[in-house]
Structure formats: C-alpha cells, structure tokens
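A.B. asks: Throw the hints in and build the complete structure from the sequences for me.
Number of protein chains: 4
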Amino acid sequence: MKQIHAGIIGLGRAGQMHLNNLMTMPDIKIVQVADVFIENISEKLNGMGITNQTRDYHELLSNPEIDTVFIFTSTDTHEEIVTAAAKAGKNIFCEKPLSMNQHEEASLNVLQAVKDAGVKLQIGFNRRMDPQFRNVYENVRNGKIGTPQVVKITSRDPDLLPHDLIQRIGGLLFDFTMHDFDMARYMMNSNITEVYAKGGTLIDPTLKDINDIDTLALVLQFENGAYGLIDNSRRAVYGYDQRVEVFGSEGMLKAENVSDSTVELYNDKHVELKKPLPMFQERYKPAYVAEMRAFVNSILNDEPVVAEGLDVVMAQRAAVAAQKSIETGLPQKVDTTYPLN
Amino acid sequence: MKQIHAGIIGLGRAGQMHLNNLMTMPDIKIVQVADVFIENISEKLNGMGITNQTRDYHELLSNPEIDTVFIFTSTDTHEEIVTAAAKAGKNIFCEKPLSMNQHEEASLNVLQAVKDAGVKLQIGFNRRMDPQFRNVYENVRNGKIGTPQVVKITSRDPDLLPHDLIQRIGGLLFDFTMHDFDMARYMMNSNITEVYAKGGTLIDPTLKDINDIDTLALVLQFENGAYGLIDNSRRAVYGYDQRVEVFGSEGMLKAENVSDSTVELYNDKHVELKKPLPMFQERYKPAYVAEMRAFVNSILNDEPVVAEGLDVVMAQRAAVAAQKSIETGLPQKVDTTYPLN
Amino acid sequence: MKQIHAGIIGLGRAGQMHLNNLMTMPDIKIVQVADVFIENISEKLNGMGITNQTRDYHELLSNPEIDTVFIFTSTDTHEEIVTAAAKAGKNIFCEKPLSMNQHEEASLNVLQAVKDAGVKLQIGFNRRMDPQFRNVYENVRNGKIGTPQVVKITSRDPDLLPHDLIQRIGGLLFDFTMHDFDMARYMMNSNITEVYAKGGTLIDPTLKDINDIDTLALVLQFENGAYGLIDNSRRAVYGYDQRVEVFGSEGMLKAENVSDSTVELYNDKHVELKKPLPMFQERYKPAYVAEMRAFVNSILNDEPVVAEGLDVVMAQRAAVAAQKSIETGLPQKVDTTYPLN
Amino acid sequence: MKQIHAGIIGLGRAGQMHLNNLMTMPDIKIVQVADVFIENISEKLNGMGITNQTRDYHELLSNPEIDTVFIFTSTDTHEEIVTAAAKAGKNIFCEKPLSMNQHEEASLNVLQAVKDAGVKLQIGFNRRMDPQFRNVYENVRNGKIGTPQVVKITSRDPDLLPHDLIQRIGGLLFDFTMHDFDMARYMMNSNITEVYAKGGTLIDPTLKDINDIDTLALVLQFENGAYGLIDNSRRAVYGYDQRVEVFGSEGMLKAENVSDSTVELYNDKHVELKKPLPMFQERYKPAYVAEMRAFVNSILNDEPVVAEGLDVVMAQRAAVAAQKSIETGLPQKVDTTYPLN
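Chains as they are written, first to last, in my numbering: chain A, 172 to 512; chain B, 172 to 512; chain C, 172 to 512; chain D, 172 to 512.
Treat the hints with care, as some may be off.
[Claimed, not checked] Calculated pairs, DSS-like style, for lysine-lysine (alpha carbon to alpha carbon, straight line, at most 27 Å): (1) A:K445 to C:K440; (2) A:K504 to B:K504; (3) B:K425 to A:K445; (4) A:K425 to C:K445; (5) C:K258 to C:K215; (6) A:K445 to D:K456; (7) A:K445 to B:K315; (8) D:K445 to A:K425; (9) C:K315 to D:K445; (10) D:K456 to B:K315; (11) C:K286 to C:K200; (12) D:K440 to D:K456; (13) B:K200 to A:K425; (14) C:K200 to B:K200; (15) C:K215 to C:K200; (16) C:K200 to A:K315.
Because the hints were derived from the structure by calculation, they are not lab data.
C.D. replies: Written as structure tokens, this is what we have:
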C-alpha cells in the first residue's frame, strides 16, 4: 500500500480533531508532530503511539522521511509556515487564509513559493467536501438543473465570537464569509466579477470598535452572467445555519440544514422537531474527514486537489471587494485575472 | 345583517375568479356588473342571478344603490376608473398598480382623489393575505423571532409571459417584483430606503427588445437598519416558487412552498414528492378569498384596510429605484416621505 | 349541457355542507329539498334561490322532474329512505351505512331494491376521493410499487364523541373503522378474508356502558395474500390523524397528514410546525367535493360509481368480524361471496 | 482514569466493526483478542497495536488481566461461550440470542451461570441506543405524550438473506423481529402478554423450504393495557426501513427513517429526495458506538446495563408465541413471570 509520510504542525483543538481523523486512514503514516506547546499534549500523543514530537516546526520540515505536512496552526502563522514547507519540498494542507494581510501580494508570494517547489497545496475549504453541498455540486455539474442562473447561500453562526479571537483570525468577511465566496464560486463554476454588500452591527454594536460587522447581505455577479445572494449573521439562536440553493434553467437544488434527529413530537400545540446541528464541529464532521481523504488521494494518485491556492486568492479578492463596498456604499469589481502566470 | 352593495367592473379571467369568491359571501350583494365585452358572458351571469349588466362602467358608478366597487379591469385603465370611482363616492378595491406611469405623480393624483372623497381604497396586494405569509407576519409581529434583522424573498414564475402581455401589464419589476417589495416592507414593518439590483435576460434574450428582464437579484436596506434579499426568475420549471424567510434576534420563520400533496413515493432510486402548486391561481386561491373578506370587513366595521394606496406608491418607488440601479449599476436611495400630507 | 335534476333529503350540518358544494356545480340543478325541520332553514334556502322546499321526503321522491336524490339524513333513516328512493326510480347518493342493523340482510334488502330499480347508488366513502389517498391509490394501480404486500392505516379522531351521538350513528367499528376497512380493501383491490382485532377503552372507560371502545389495533388478511394493519383512537390531541401506507415489491407509498401551513419557526428550543388539520370537515373538504363530482359524472356518462352498495356490505362484514374478534379473542373469517347474484 | 481490561472473542465482519469502535474509547484497554481464524487478520491487528492474539477463546478467558469480554462470534456459539465467560468471572457483552434453542431453558441456563457469577451481562439490543429511538424513548419516559396507548413499529430489511445464513442465525422471527419485540416492550415499559401474528412468503416462496417467512404483520397486547402493531418485510427496495411511533394520551412521537442527505432536487416532474440509509451498518452506526459506551459506563460506574439477559428471554418468548400464532392461526399468550427468582 502506498503511504503518505506525514508531519503535523499545530495541535490545538482543530489540530487534534484533524489528527484523530488522519489516524483512521491506513495510508497515512504520522512520522512526526510539532507544536509550540507540545509538552501539554505529549503524554496523550504517546498514548496514541506518536512519540516523535517537537516544539520546533523547522525540525519537522527538515525531516527527510516526511513528504507531506498538515498545518493546523493559528491563522497568523500560515504565511511563514506554508512558505517554509514549500521550500522544504513538502506537499501541504493548510486552512485558509494564506496570509492575514488583505493585500494579496502576501498570499501570492506564498503561492509562488509553492509553485516554484512543485508541491501540492490543498486549502481547507472544507465545505466543498460537505456531503450535502457536494451532492448539490455534483448534480449541478451533471446537468440536473440545466444552466445555473442563481446561487443563494445562507450562513449563520450560532453566536458571537470574542473580540480578541476575531482580531486573531479575521473579521466576518475574511474568516466567515470567505467560505461562502468560495462556495458560491465553486457551485457556479465561474469567477465572481462584482460584489455589492450591505453590512452592519445589528447584534453587537461594540463590534464597530474592532471594525467588524455581524450581519451581512450581498449580491454577486458571476463571469458567466449568473447572480448570487449571500446573507450572514453571527448569531442564529437555533444553531448553525448552513444552506445552499442553486437555481437553473431545468430545476433547483437545495441543501437544507442537517439535524441529527428524525423524531417528530405531536402535541396539542404544534409539531416539534429538533434544531439543526449546533456548530461547525458537528455539521462539518464528515467534511473534515472527506477533505483529508481527498487530499491524500490527490497526492497518492497525483491528481488535482479539491481546493487550490488560487481559490483562496479569489475568495480573498471577493472579501476585499465586499469590505470596500460596505465602506463606499458602491458595488466593487473583482479582478479575475489569474496571477502567477 | 349589514351588507355591502357592490358593483364589479371588469369580468375577464381574474374578474370572474373574484366574482365567484364574492358570490360565496352573504354580506355582499352584487348590484350591478360592467364589462366592455359584457355580451360574451351575459348568459353565464344571468345563470348566476346577476341580471343588471352594462358595458359602461360610468353607468355603474352612477348607480346610487352601489356603495363599493371592485375594479378588475386591465392595468392601463386603473388610473381612470379608480379616479372616477372615488369621485362617485364609492369604496374601491383595485389591483396594483394605480397607474402605468412610473412617475408617481399619476398615482398620487389618484390617491388625492380617493382622499378627497373620503372613501376606502384597498390595493390587491393579495400575498399579504396568503395564509402562509400571514402566519409569518403575525408571528413576527408577536415577537416570536425578536427583532427582525433580515428578510429573504424568493419569487419565481413558472414560465415566461408573452411580450405583448408584458407591455400591457408592465415588466418584471413593475408587475412581479412589485409584490415582493410590498411583502418585504410589510414583513419588516419598515420602509425600504435603498435598493441595489442586478437584473438581466438569462432565460429569454429577446426580452431586451421590450426593455424587460427575466432574472433579478437585489439587496434592500430598511429604515430600521435591517436588510433584505430578493431573487426573481420568470421560469422555474418546477412550478410557482413563492418563499419568504424572516430572520431575527430570537429565531427564524420560513414559509415554504405549498403543495397539494403529502404523498411520498419510495422506490429503488429515490423518494419522490409532488411539485409545488403550479401557478398563482392555485397558490393564492385562499389569499384571493381572504383579501376580499378583509376588505368587506374593513368597510362594514370601518377599520383600516390591509393594503392602502400608500403601500402601492412605496412599492412602486422601490421598483423605480431597482430599475435605475440596474441601468446605472449603482445603489439607489428610496424616498420614504409620506406624500399627500 | 347535460344536467342532473336533483333532490336533496336532509339539510342538517352535513347536508348543508354538501348542498354548498353541489351549488358550485353547473351541471346540477337543485329541483327540490326536503328536511323534517325545513322551517329552520327555509329563509336561508330562499336566499340561495332554492324555493321548492318540503318537510316530507315522500313528496320529493314523487316529483317527476327529479332524477337523482342525495340523502344526508341521520344514519337510522338510510334503510327506509334509500329503499323508497330506489322504488321511486331515482339515482341515489347516500352515506354509509345502509342500515343500523348489523345483520347484513337489512342492507341486502336495500341493495336488492336498488338493483331491481336499475338505478345508480353511490356510497359516501368520501376518503376514496381524498386527493392524498387517491394519489396513493392511482400510483398503486399504475404499478409504481409493484405488487402490494402490506397496507397500513392510522385513523384517529381528535376527540371523544358524546355517548348519545354514538348510540345514534354507531360505535367505533361501525361508524369510524368502517371507513378504514373500505380504504384497506380499496387500496389493495382485494377482499378482506380475516380480521383479528384488539380493542378497549384506554381513554374513556365509561364507553363500556354503551358497549363501545375508543382504541383499536387489528390485523387483516386479504384474499390476494397481502396483510393489513389498522389502528384507531378516538382522541388524538394533535388533531385528525389520517394516514395510509402501502408497501409493495417495488416500493412504498405514504400519504401523510395534511396541514394548511408550511411555516417553520426555528427558535432556541426547537423547530415548530403547525399541527395537522383539526377535523374531517377540513381534512376531507376536497374529498366531499370530489365524491359529488364523481357521482355526477357517473350518472351523466353512465359509468360505474366510485363506491357501490357492495362496498358498504363488505366493510360492514369486516366490522362485524372485528367486533366478534374483540369479544371472543379469536380471529374471524370474513365471507367474500358476492351477494345478490 | 478507570479502565476496562477487555478481551474480544470473534473478529468477523461484525467483530471488526465493534473493535474499531472500542479502539476509540480511551477507557477500554484491549488486552487480548481471540478468533478461530486469527491468522487471517493477524497482520491487520498487529498494525493496530493488538499483538496478544489467540485462536482459542478459552485461553483468553483464563487471562487474569481481562475483566470484561465482548463476544462477537456466530449465534450458535453464544450459549457455550457466554456460559464459559460467566464461569470465568468476566463481565460480558453479547449479541442476542443467548441460544439457538427456542426452548428458553437453554437461555435460562446461561443466565443462571451469569447470575451465579455475579457478573454484568449486556445484550446487544443496539436499537435501544439508536439516537432516534432513544429520543422517542426518553420523551415517552418524560411524559411528553402522557400515557402510551399504542406503539407501532415498521422494520424492513433491504433484501433477502441467503438460506444458509438464515439457517445459521435464525429465521425472520428469531433474528429480525426479535429486535422489534424488544423495542416494543422497551418503548412501552411493559411486558407483552399476547401476540397474534400473520406471516408468509410474499417475496420468496422457497423460504417455506427452510420453514421461514419474509413478511409479517402482528398485533401485541401489553400488560399495561396498551396495544402494539409490528410489520416486517425482508425486501424494501428503497433501503432499510426502521420506524417507530408511540401514541399516547397527550401526543405522539414518531422516529422517521434516517437519510444522510438533506438535498432536494426540484425538476419539471417532481421533487426528489435521497433514499433512507441502505442498511443496518449505516443506520445503526451511532447505536453500535453508543451501546458499547453504555456498557463500559455500566461497568465502570456499577450501574444497570441498558439491556439485560431477561430482555432477550422476553423477546424470545414473544417470537415463540408469534411462531405458534402463525402456525395455529390463533393468538398466543406470552408468559411474563420473571424466571430465575
């Protein structure tokens, strides 16, 4: 059996979740792990049979046995670590974004390093591998609804994030809506050429202090002529609201929210159903496994990855345009020229 | 029993449908009917016991026994007939719009006549009385979802209209989206202050010849700070798609499409359900009855009507703004000052 | 236009509902109506243009202009009136049962009179014309689920009936389950050959005083080898519960309960839907219209009726068997030989 | 952390599935595994770090480090191995049944050995831990539907089993319906006192050759006065059909089938949904984990198990009664006296 020899960088909550998923895949051999606070989880890792541990990711990158690295560190380290990993000749899995800098030069520098090294890079746009959205995507591709004309995405978080966390990971547009821009572009198989966005603090006015918003409504124009509508909220009291609808010349596809219950309670007042799954950990659990599976398959079979570096640049451009649209009150064009040619 | 003494003007397809509904209400007495082609349906009307028939609506308006007129004539006659009815001192039910002229002066002249006459005027914004949307509306008003923050409306026709019909009744924005503007404003209980719209001919490019569009996506700003998203299409192959969603600080309300079937067929391929109701006649059948019922109640009990003249002006202003937004590519402010003060 | 010249006997609550439905059908001319308390509704009837009224149904039956009678009188009069109507040579619509006497000789005497007269008789098994069940029925007939193997019927009333009403119309088996026996037989297109029933008073023990039950569970054997399961309850706090499921070699068809609302309320506790329609008047409203329509068509086109006299006899035999099964604790055979040959 | 020191006996397909689940639980230490064909999976086990392997379960049972055994061997070995495990003083998890012998003395002998040894025994009635059914169960217990009056269970396999497999694991009643008898009794919290069953070969007549059936419909009487209805089929072309409904004085609870898709495809013909999950491996995946979790918790916290030996005896008695009912055509009483007192 062909195997990936993997190094994992970053073992916070997300990293550990991904590690558990990777451990179930027989064609991945975890060679070494790195975390700046490795001592906190050292014993646990030993119990899992992962004894080659380091605090220094450079040490891991210089390990010749490793051909692939999974980067689960905080967002502000991506630029540095992905670049170093590329230069070390490793295939790379990394969460978006590639850089906290909204000017895309930073991201493009990273991608140039990846290109120069000739390694594979998959971006963690996990929703592309969510079974619900994947089903919609495949049916759209298979022509089940004819020519796509309108995509609608509703994406609502269950609750506000702490301000300091937002400052570390990016605000609504760059951390949250980013996924929706990517999903919209992915579903329509076409680039976004224009964004008009309305956004504000309808839930927590103090978000203005950190230049963030909690509610968003926007319209997209796609290169192929189609339109998109996205609405976001930071607090949906009923849980994590993640829906996609694609309308086309021959029909419509809808992915509704996911619940873990099919139970219906009929009483003298109404019929009660259970709420949707509460958070991304539950909703996108299968997606997190599937994106890893897809990445491993891409490497072992030398096939294109599910989400590449360009995809994160394109989503970032849309986010920048949305930001500027909110600030100026005017629609903003989005550059669709392919960089790094 | 208090009774309305009614005259009906216009007995085309819509008029006959409304007439049948009115016939079932014991507190309406049909005194006289008028239609320019009255001879075509004279016998049928006689069979229903309606023998006082005329080709000339002026004759009907001068009938002193009549206190209320229902106007079901073609859109281009509304301005003239509503004005004449007001001057004749009759209460008036009329479909939107009040004038084919997009400059609102024409509509305001009509409303001034209504105001001067001191009569009641109800606009046929039938969707306000659709049981599904009404349920959402009442739950929003009752605070079931806290403060409304986002309203989303999807409204799709089952198929394209003939070009000549469009030229008589108005294009997508003024005939179709008009209802959505009204619904958005009604649900949010707040005026629309800004519209940004993208629209085009994704289905039938020849619509450009008559300056119309078939596909629309837009974002609204409301006076109370909330946002709205509307998408329209002229051809949904699966039927008449009419959905509303209101999201608020304490929850969400969705009105899904209506089907007349609860039957599920499970076979070796999938589960099949019946499509939504095919057209407005089926979907809004209860709404057409309910709006008449509401109008009659308003008159008999001297209560406010469900949709008044101002409402059609406000919806028209949004349509004008959307038109200009599509033409200019820029968001457009909507005047919310109350005219006729 | 061919027209039926109709007489209506019995104008209590059910009769008036049916009358309103009949009034909307242009190919029915209401010639005369009869009710023992005709004076109570005489004015109302006049207002509807029905002026030929009588207290004596014999007078109506002797009216030569009438070719068809609709009998909506109380159950205990069916035997007498149907017989008289047949002898008068009128086509007959009548609710089940044909006789309060559980010994079927009484019913067969009625049917013999109908047969001798050569008139049409349609039994008011309205559920056969319910759009949901009709859809299932037609899909079964069209082979959509292959060979039917199991039918399941759940039928629950919203609340207990007064004891004196039960004594007039028959207990659970003969008034309520009767419909389910007919539906089971209709769906399977096969006679019931055996019944095993468990029944008791789980809701109202005082029903024992009038020899009735409120809860029932039973298993059926059909002539074609298939099985059936029926469960009944007199009190479902969530409304009128009417479901049918047919399982076959190539799939399954389910008709779920009908609600008049598609609105979903998502809050921090759960998702709330509206309850099913509360009572038979709402649930079977379209069925009541459709069965009349079908009867009129049968007469005008000389086609078989939707539910004939034999059907009520067969359902009655199943009810008698169920009764005996509950009393003896043993399964009971049901005679399927066709009477009156 | 308290840990269970576990031995696993039987590593066929089911055993390996359970092993994978157990491996994810940190409070279970797999000390040793046994399988008569251990050489076939030895390498795979080594790769999982399980190196203490044996062909002889007696060796495992005599391992003093082991306190708990999980028995996943074929049904015909349960009687022998459970008895031996009990005599060795181990806590035991075992799938139903405890004996292939339909006379319950065999099962009772096993349970006597368990009782004498004072060890815990949990029966693999996995559906008790299915999240859907568990939700219904807990809501029933919490009084959400008042007094339960009727339980309905539909349980259909996706396809026929090979005859030789049936002969090894038991026919429909003893292998398949057994779960439904247990579920019915569990939901109603009351013993089954009578069974009337109709069963036959509506799908595969050659099943008669091995004295089995493929279709079943039955009615249950419970000790508390309630009723039950169960229907089974061996071949549902649309997948694994597993539904439970409990009706009570204050409402109804339904657990519908589980699908892994929320995607709806609307086209010009109908609306398409994905079929239910295809087989028990998918549908009951969370239940298999949850029953292990519950068993481990019961041992570590010395609490009652979720399904005990008595439960399998009671379900077996119902199966015996159903068998006899089908053979005799008569309802059969079920003894509810507690054995082994």
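A.B. asks: Now tell me, hint by hint, if it's right for this structure.
C.D. replies: Going down the list of hints, with the structure as the test:
no., hint, verdict
1, A:K445 to C:K440, "holds (8 Å)"
2, A:K504 to B:K504, "holds (21 Å)"
3, B:K425 to A:K445, "holds (16 Å)"
4, A:K425 to C:K445, "holds (23 Å)"
5, C:K258 to C:K215, "violated (31 Å)"
6, A:K445 to D:K456, "holds (20 Å)"
7, A:K445 to B:K315, "holds (17 Å)"
8, D:K445 to A:K425, "holds (12 Å)"
9, C:K315 to D:K445, "holds (17 Å)"
10, D:K456 to B:K315, "violated (37 Å)"
11, C:K286 to C:K200, "holds (25 Å)"
12, D:K440 to D:K456, "violated (34 Å)"
13, B:K200 to A:K425, "violated (47 Å)"
14, C:K200 to B:K200, "holds (22 Å)"
15, C:K215 to C:K200, "holds (18 Å)"
16, C:K200 to A:K315, "violated (51 Å)"
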